[in-house]
Structure formats: C-alpha cells, structure tokens
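Protein chains in written order, with this note's numbering: chain A, 33 to 567; chain B, 5 to 481; chain C, 115 to 228.
The hints are simulated quantities; they were obtained by calculation from the structure and are not laboratory data. Do not take every clue at face value.
[As the list claims (entries may be wrong)] Estimated spans, in silico, between C-beta atoms of each pair:
#	chain 1	residue 1	chain 2	residue 2	range
1	C	Arg154	A	Gly152	38 to 46 Å
2	A	Gly538	C	Arg154	41 to 49 Å
3	A	Asp320	B	Pro75	50 to 58 Å
4	C	Pro164	A	Ala305	33 to 41 Å
5	B	Asp99	A	Asp471	57 to 65 Å
6	B	Pro75	C	Ala140	44 to 52 Å
7	C	Glu188	A	Gly538	47 to 55 Å
8	C	Asp159	B	Asp99	20 to 28 Å
9	B	Thr213	C	Glu188	48 to 56 Å
10	C	Pro164	B	Thr370	56 to 64 Å
For clarity, every value in this text was computed on a predicted model and none was experimentally measured. Glycine residues also receive a C-beta, built at the ideal position from the N, C-alpha and C atoms.
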Amino acid sequence: MPSLECLPSREAKGYQRKRKMINPLLMQPAHRVLPLLRAGEISSVELVRAALDWIAEADPDLGAFLYVAEARAMARAISIDKARHQGEEVGPLAGLPVALKDNMCQRDTPTTCGSRILEGFRSPYDATVVRKLEEAGAVILGKCNMDEFAMGSSTENSAFQQTRNPWDLERVPGGSSGGSAAAVTAGEVYLSLGSDTGGSIRQPASFCGLPGMKPTYGRVSRYGLVAFASSLDQIGAFARNIPDLALAMQTISGHDSLDSTSLPEAVPDYLGALQREPGALRVGVAKDQLALEGLSPSVRQIFEEAIAKLAGLGFLLEEVTLPHASYGLPTYYLIAPAECSANLARFDGIRYGLREEGRDLFDQYCRTRRQGFGAEVRRRIMVGTYALSAGYREAFYLKAQKVRTLIRQDFTEAFKRVDLIALPTTPTVAFRFGERTEDPLSMYMADLFTIPISLAGLPALSLPIDWIPPEEGEGPPMPVGMQLVGPAMAETRVLQAAYCYEKSSGLHDLIPSFVNDRKGLRFDPQQCSQIWGQI
Amino acid sequence: MPKPTIGLEVHVQLRTDSKMFCACPMEFGAEPNTRVCPVCLALPGSLPVLNRVALESTIALGLALHCHITPFSQFHRKNYFYPDLPKGYQISQYDLPLASDGYLTLPKESIAASFKKVGIIRVHMEEDTAKSIHGASLAHNVGYALLDFNRSGVPLLEVVSAPDLESPEEASAYLVELRAILRTLGISSGNMEEGALRCDVNISLDRGTRAEVKNLNSFRAVRKALEYEFQRQCERVERGEAVLLETRHWDEAKGVTIPGRSKEEAEDYRYFPEPDLLPLEIDVRWVEQVHRSLPELPEGRRERLASLGLHPSEAITLAHNPELACFFDGALEVGAPPKETANWLLGEVQRILHAGGKSLEETPLTPVRLAELLRLIQQGVISSKGGKALLEVMLTSDRPPAELVEALGLAQVSDPVQIRLWVQEAIAANPKQSEQYRQGKEALLAFFAGQVMKKSFGNANPELLDRILKEELQATA
Amino acid sequence: MIVTLEDVRHIARLARLAFDEEELLAMRGEMEALLSHFSRIDTLDTSLVPPTTSVLPLANVLREDTPHLGLSHEDALQNAPEQEGGFFRIRTFLEDAFPRVPALQGSERIPAKT
Chain A
33 MPSLECLPSR EAKGYQRKRK MINPLLMQPA HRVLPLLRAG EISSVELVRA ALDWIAEADP
93 DLGAFLYVAE ARAMARAISI DKARHQGEEV GPLAGLPVAL KDNMCQRDTP TTCGSRILEG
153 FRSPYDATVV RKLEEAGAVI LGKCNMDEFA MGSSTENSAF QQTRNPWDLE RVPGGSSGGS
213 AAAVTAGEVY LSLGSDTGGS IRQPASFCGL PGMKPTYGRV SRYGLVAFAS SLDQIGAFAR
273 NIPDLALAMQ TISGHDSLDS TSLPEAVPDY LGALQREPGA LRVGVAKDQL ALEGLSPSVR
333 QIFEEAIAKL AGLGFLLEEV TLPHASYGLP TYYLIAPAEC SANLARFDGI RYGLREEGRD
393 LFDQYCRTRR QGFGAEVRRR IMVGTYALSA GYREAFYLKA QKVRTLIRQD FTEAFKRVDL
453 IALPTTPTVA FRFGERTEDP LSMYMADLFT IPISLAGLPA LSLPIDWIPP EEGEGPPMPV
513 GMQLVGPAMA ETRVLQAAYC YEKSSGLHDL IPSFVNDRKG LRFDPQQCSQ IWGQI
Chain B
5 MPKPTIGLEV HVQLRTDSKM FCACPMEFGA EPNTRVCPVC LALPGSLPVL NRVALESTIA
65 LGLALHCHIT PFSQFHRKNY FYPDLPKGYQ ISQYDLPLAS DGYLTLPKES IAASFKKVGI
125 IRVHMEEDTA KSIHGASLAH NVGYALLDFN RSGVPLLEVV SAPDLESPEE ASAYLVELRA
185 ILRTLGISSG NMEEGALRCD VNISLDRGTR AEVKNLNSFR AVRKALEYEF QRQCERVERG
245 EAVLLETRHW DEAKGVTIPG RSKEEAEDYR YFPEPDLLPL EIDVRWVEQV HRSLPELPEG
305 RRERLASLGL HPSEAITLAH NPELACFFDG ALEVGAPPKE TANWLLGEVQ RILHAGGKSL
365 EETPLTPVRL AELLRLIQQG VISSKGGKAL LEVMLTSDRP PAELVEALGL AQVSDPVQIR
425 LWVQEAIAAN PKQSEQYRQG KEALLAFFAG QVMKKSFGNA NPELLDRILK EELQATA
Chain C
115 MIVTLEDVRH IARLARLAFD EEELLAMRGE MEALLSHFSR IDTLDTSLVP PTTSVLPLAN
175 VLREDTPHLG LSHEDALQNA PEQEGGFFRI RTFLEDAFPR VPALQGSERI PAKT
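Extracted from the complex, chain A is given alone in its bound form (with noise of 0.2 Å):
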C-alpha cells in the first residue's frame, strides 16, 4: 500500500484557499467520542458547535448539505446535556452530530430530494428512521445533498448544487447518496444515513472510502422516505468504520407497524456479534462478474488483493457463478423507472410543492412537472411510463420481473455453498464531474456490481480496501471498496466479516487531505490520548 503521507494532494480550481483547522475531534470515529460524552469529559453543546464551526468552513466547498438546522441542533444538544446532568436515560447516541439525506421527512424540516418540485416543502411529520435516531439521543445536523429523487450514481442530478469528492475535489462524491458519504468522510458528522435503490449507499461510500451498508430489504423502515422505486429501496448508513457502522444499523433496523414491508424479525445485537470473531466463513468470488466488461483493471486487482487478505484471515475462499447477475442492469433499469413513473405522480402541484400556471389542468400539471423535475428524473419517468404502457408491458416490465426472479435464484443458490460472497463495490474509482452526464448508460454502469443485490433484496456492505492513484490524468490516490454480500437477514455475519478485514487493514484511520493542510493525515489510536489533551 502506498504511503500516503507522501502523495501529493491535489484541490479543485478556486478551492485553495486557506481553511481553518479541523477540530480533530471531529474526525474520531464515534465509538472513540461517544464515551467522552458519557463521561462528561466533553459536552454535546462543544462538539454540535465544533461540527456546524466545521460546516460553515468547510461545506462552501464540499456542498455535502443542503440544509443546516443550526438553532435546532444546538437547542438539542443543550438539552441533551441537560437531561445527562440530571441523570435521565439520553440513549447510546445522545449528543452525537448525525446527517440525513435529503429524502428523508424530518418534522418542520425542509425536504427537497434534491429537486425543485419540492423547493420549500417543509414535512409536517417524522419518517421513522429520525424518530429512531432522536429517541438514541443523536442530534440531527441537517439534509445532505443528493442526487434528485436518488436518482443518480454521481451526485449531479440535484437540482441545487454539486457535491465533491472529499478525496479529490474535482471528483464525484458518488451518488445518489453523495452528499452523506462526504459528510462523514470530511469529519462533518459521525454518521449518517443514505438510501439505497440500486447502489446509492455502497457506490458512494466506496468512492469516498468509508464503510456503508444497505441492509436486507424490510429491515429498515421506508416509513418517510421519499420513494423511488419501492420494491428496492432502503434505508442504510455511513460510518468511520465498521463499529460505528454497526451501531448506526442497529439504531435504525425494527419492525416497524407503519410500513407493510417492514420484516417483523428482531434485530441481533450487531455490536455484541463484532467482539465474536466470525469463525472460517465461506466466501464466494463471483469469477464470471469479474470478467464483466466495464471493470477496471486495477480496481479488479486491488479486489484480487484483498480476497487473497481475506483468505490469509481464515476465510474460505469459493468459487460461484451468478450467471444472470450481468443482467441486472437491463432489469434495474426497467423496474425501478416503472415503480419512480407512479411514486412520483405525486408530484403534481396541487398540495404541496412547485405548481406552474397552464391553460388548464392538464397543462398546469405538464408544465409543473417539466419545471420541477430534472432532465434524468424525467428520462427515468418516461422510460418507466412506456415500460408499463400497452402493449409494452409484458415485454418490458413483466420482462424484468421474471429477469428479476433468476437473479435471485442465482444468489440463493450461490449462498446454498458459501456464507457471503465478495464482489468489487465498482468498476471503477470516482470519476470527474461531468465524465459521465452526457451518456446516461456510462452513468448507469457505475452501478453494475451493485444492482442484483438490490434487486435480491439481500444485505451488503461496501467497505474500503485499498487507495490508488488516478489510471488517467494526475491527481491524490481515490479509495476502491469491496462488497461483502449476505443471504437475507445476515447482517451479523457481514459486519463481522468487514470488521475482522478492517482491523488487518488499519484503514479506517485515514482521512482526506481535505480536512486540513496536513496531506493525508493519520490518525493513530494510540496517539488518540494526546490529541484528547489538546482539546
């Protein structure tokens, strides 16, 4: 692994200039920071002010937020600290700044999707995923940014700014949930939350280099996130590593009566199962999607590398094949425009959010929609509309449904042999802002290896394994991140295998050039006491 210490760095155009210093605090994992507050030795009052102080510096170039609820945070952390002093129950989270992306409802908060039809939209009431993270005691900083209606794997579709790559600032953070990977990446927030559809929580968190997780599909409530396509998506988290991670899962994972999607099994205790080791679980390497055109020949290296790591760690390195997982793109891309086409017809101008004067009704809404939405929203709604239209339904969406079965059948086969299966997150590292904007198939392959596990339902985690230097043009070393994928209902297993790869690699310790002028600064556990001292 290269040192990076001795890479150079390098920042977008205009973005030279001089910031202030992070308060290293903020780029501790939580589980570091979390005993600190229990402890009393720092406040939630200091650390929500160290973060939105970091916020204001830092996110005018980032663009990770959409929305900052300053007063709100700080009449949270305020009370929490009060509650601690007076010894109530404030939960494992209590005063810990946490991030939302934008598509989820928060009381009285505005939530945009990213989208213009939604500018001012305020939601009166709570999705249930922030009622669960406000009872654990966190205080929630604001909406990240994302790509519009999480439709997007760079970022760029939101209708209001771009997002960068902490990593590089010239390139995406990855999307849709971009703006929560570089939140947590930039030291803004411990954690955060980000939807998962096709990919949009593990494609970001490998181009940003940090742990995220799409759990099974049913383990998180849905109950107010805003929906692309119902039948894939879920709710899941970013985190410093894989601790931090599990804890974040295990605050928002339950039953939940007001989603009928929402899998009535308990939720294990994930952080316990991390101080288990795993055991030699069987890992299978999908050999055929390896050979899929599309994937870099150095991102498949690092991948092989870090298989050979798992095998030098005890695991069982197996051999399987997902012969119809290559058709996934073709099915996602089928299903998930067919479900967005009705999810947002919603949006029409007469309750809530943008409304555009016509020559009657029908007009009124023709022109609301073409104002509110953007370009590939509106691609993805009528590729989804004719998808379901007469007479091309049967052979479009019915089509992708059945294609939709044997890629399931593929895994549950795959997993009759092996206890997880590895994959690499994507083919490539981050790429450049506008690369991929104007070929909306190029954008939609940044997705390849993610989408039939979406379309399985089935639980996965990206988690980084290694950082390389640009194959093209000059630049700082990107991360690449592996997928480590369970049989419905195997979070446990996957954490614990991405926790026991973690600790071999001492990864999750770097941060981004970005957060301050030391290039590529390490933080050192053991060095952790000294920088305790000089707060």
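Go by the hints and put chains B and C onto chain A.
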C-alpha cells in the same frame, strides 16, 4: 319490442372505524381536511397499511354473494392523474379481485314475474378519492375547485354485476337487495344520498352496443336514468341509428342522460402490483372463520320468516331492514307470537314512528317491552285498542308496560257482573233500539256495544261484552 | 427497438410532462437507445419463471381498525400552493377530465428555470 340488458357497477363505502390504508378516523361531515394524515394526503414518504376489518368485510360480502374467495390476491396501482387522486394512482385490484363468480337472488315477490339469480362478476377493494367542490357551486369563485381529503382513502368495494338485469325495476330490486345484504352484514350504511352507495349502469338493447351512465346518486335516479336511456336507445334504433359505445352522465334536474366528452385516446392505466403492500393469502380456515361469523342474510331470513307464517311482504320488509328484523327476533325470543309481532312492529309501531319522524332506536321501546305489550293483549289484561294507546306511551316512556296500564287506566274489565250491569243500563236507556233489535235488526248489536264501551271508558272485554249483550237482549224479549 | 416521436408524445401525455419539439427529438433518441439496450433481457427464456413483485417472504400484513387523528388542519395545509376556507384550492378541472391536446407542441417553449 327490444329488451334492455342491464349491468350494474356499484361502489360501496365501507363503514370501518378508520380508513383503508391509514388510521385516520372515518367521520362524515367533519370540517374539511381535518381527517387526514401523510398517507391519505399522499405526502412524500408515506406508506399504506391495509385495514383488517376492510379486508374481512370484503370477504364477508363475497361470501354473502356466493362468490369464490380467491386464495391469493394482490393490490395494483391504477395510474391516472386527477386532482382528487392524491398519489396519482389509486390502490385497487386488477386481475386478482378478492371475490368473483357469485350471484345475488332477487326476492320473488318484489317483481311480478321473476325469481332470479343475478350474476356477480367480481367484488374488489379500492380506496375512495377526495371530494371536490367546483367553482360553479360557489358563485363568487367560478373557475376554481376546492379539495377536501377527508374522504381520500376511505375503503370502497366495487361490486360488478353480470348484464343479467332486464328492466329498470329489476335493476332497482338488485340495488335494494344489495343494500339489504350490506346493512345486514353491518359493513356499510348503504345510503345512496350520502354517497355510501354509488352506481354506474351499463345498458344495451338485446345485448348490442352498450352505453354507460354515471353519476346516479339515488334509487330513483337509477330507475329514471335507465328508463330514459332505454327509451333513447329504442328511438335511435327505430330511426335506424346505431347506439354508440359511450359514457353518459345523468342530469338529475333535466331528467336526461348527456354524453360525456369523448376521449381523445383510450385510458391506459398502466396497472402494476403495488410494491408497498404485500400479497393477501386467504386460506380456507380464514374464509370459514368469516363464514361462521356471518349473520342471517336477507335471502335466508325471508324464507325463515315466511315459514313462521308471515306474509311475504312482511318477510321482505323485515329482511331488508336488519334493525327491524333483529327487533322482531328479539321479541320472538322472549315468547312473542310471530304474526302478531310482525303485525304490530310493521303496522302500528311504524305508523307512530313515521308520524313522529323518529326512528326505532330513538325510542325506549325494546323487543322485550313489545313482547310484554302483546302478552297483555293476549291475556286480556288490555284490549287491542288499549294496546294501541299503551304503545303510543311506550314509545316515549320507559316505565314498565304493566305500570303504564295501571297509570293510564287501560286495564280491561273482564268482570261479568260489572259488564252485565252496564249492559242492562244501556238496554234500559234505549228501549226503542232494543225493540228494533229483537225485531231482527241485528246490526244494532254494535250500537249497544258502543254504549257499553262508552260507559267502560273502552275497557270492557270485547268478547265478554259480546256474549253478555246477546244474552241480555234476548232475555228482555 | 424503434421508438417513434408519436410514442414519445403519447408517453409524455400519460406522464404529464411537457417537452418542446427539440426535447421530444432528443428524448426519442435517448429512449430508443436505452430501451434497445434493455431489451437484451429478451434473450433469456423466462417462459417458466414467475415474476418477482416483492423479495419479502411475507403476506397478509394488516393493521387493526383503530382510528387515531393524523395531521392537524394547519399541518395538512401548510404546504398548499393555494388554499381557501380550509380547502386546497385549484383551478377548476371538470372540462380537463379528458385531455384533448398535449401541451407544448410546435414552437412553444418553456424557458428553463435557473
């Protein structure tokens, strides 16, 4: 003369406590947009969860209509834009309706010549839309519409009949019977005027091209619209014109059907399975459980009541009024005689209620009290006439009938000595009439009975009086 | 896989999306390219394969018929573009029930919002 072929599509609003897919209370007449939540307003991020009672009500209706209950069903999204449809799709059922292939039996006596089974093609669940008030009804505000989402998401059933009906009267009878079934099951008020029952009709001549007529909000409208439409189609045919496949609207004020705007292109609803809801798997045990909980249905009730000796029209009336039928059965349970009970319940009780503009539930009359009243008459404690007077009071007072008899002085005099005294007084006071009677003018018996009744304030036992009067009139001879 | 301009117009009407002529042409090309690519799944034999509607092993998810109040009147209307007397207000739509012509044909163009 061509024959009309009629099929009905009826939308039934269920009377659950909460809406179809959310917990909003069902309260008619509430202030606009006060019974709404993120789900029925279709706010971003909201999700539907199906109401168990709505589902079981549908199964119950399916069973009452002798339908096949599908073991596997699913909701679909029916996609179309309309301001009263907040999600831009209606959650409905498509190729897997909950119940199908049943029939409804029209009561024999309600139509002169027929006793027939009307096929039920399907019964499926869907959600109601919001209510819109158009500018036209708000003079100051022409050109605008106002939307109230309190009705949005109210559970609806769509009941589609086969085109088996052959006259407006039959269509009317079908609706009456369907409403009786809904009321007996207790799943809908069945009130057309309040929109709990909405009807679209299809009508054609001799199974030719059909026209659909929408917007029928009363039983009368259904019958009138069908009569008009039948006439209109006949006239077209006579003129050699074809009947068009079209949707027409009933104009209540003018009493005519008018063509709806013809559609530029056919609607394409793009149905697909609702991914926010899971499939329904209804096993035999579940169906049996609902079946066991079904009350006696109108058809069976009519037969039972007829077998008790009730007149067919009485049996139909009771079968179509579940509350009355329950009341009737309650009285029988405590020993009241069926025929008399029906007679009093449907006759005198209804007459008094009608005159007072009250419903039975608003009065203190109970089945047990009615039975008590009938027992008092049967035992001769009061006369039938006294019974009527007593009933008037029983509909406003909750004192026990026996006490009321006492208080009102209604007790019948069955003492022969007392009656004989009155009779003798009456004969003595009317020697001329007494003479005429003896000469054969027997009609004067009633005159003397009236005289005695006057003396007894109506309380003389009529049978006893009759006997004694005859004896005394003969004796004076 | 051929997508005609008329197809695109029809779909745009169903989806209530306005396009000007130039956008329609571009959309036609994009839809044709994407759908042609996606029709790759046609090569799979799925004659015996059931469709997947949900990946969940669940059925009969029901709630009890227990009412409780949802949003306050103020919350319900807070985002309304137009309201009156407790109602959402919108232009009258009776004659719009059956759209006749698609919006934005010919040279009419909506300026893009910035």
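Here is how each hint holds up against the structure:
no.	hint	in the structure
1	C/Arg154 <-> A/Gly152: 38 to 46 Å	42 Å, holds
2	A/Gly538 <-> C/Arg154: 41 to 49 Å	42 Å, holds
3	A/Asp320 <-> B/Pro75: 50 to 58 Å	39 Å, violated
4	C/Pro164 <-> A/Ala305: 33 to 41 Å	35 Å, holds
5	B/Asp99 <-> A/Asp471: 57 to 65 Å	38 Å, violated
6	B/Pro75 <-> C/Ala140: 44 to 52 Å	48 Å, holds
7	C/Glu188 <-> A/Gly538: 47 to 55 Å	53 Å, holds
8	C/Asp159 <-> B/Asp99: 20 to 28 Å	23 Å, holds
9	B/Thr213 <-> C/Glu188: 48 to 56 Å	52 Å, holds
10	C/Pro164 <-> B/Thr370: 56 to 64 Å	58 Å, holds
Checked against the numbered hints listed earlier, the structure breaks hints 3 and 5; every other hint is satisfied.
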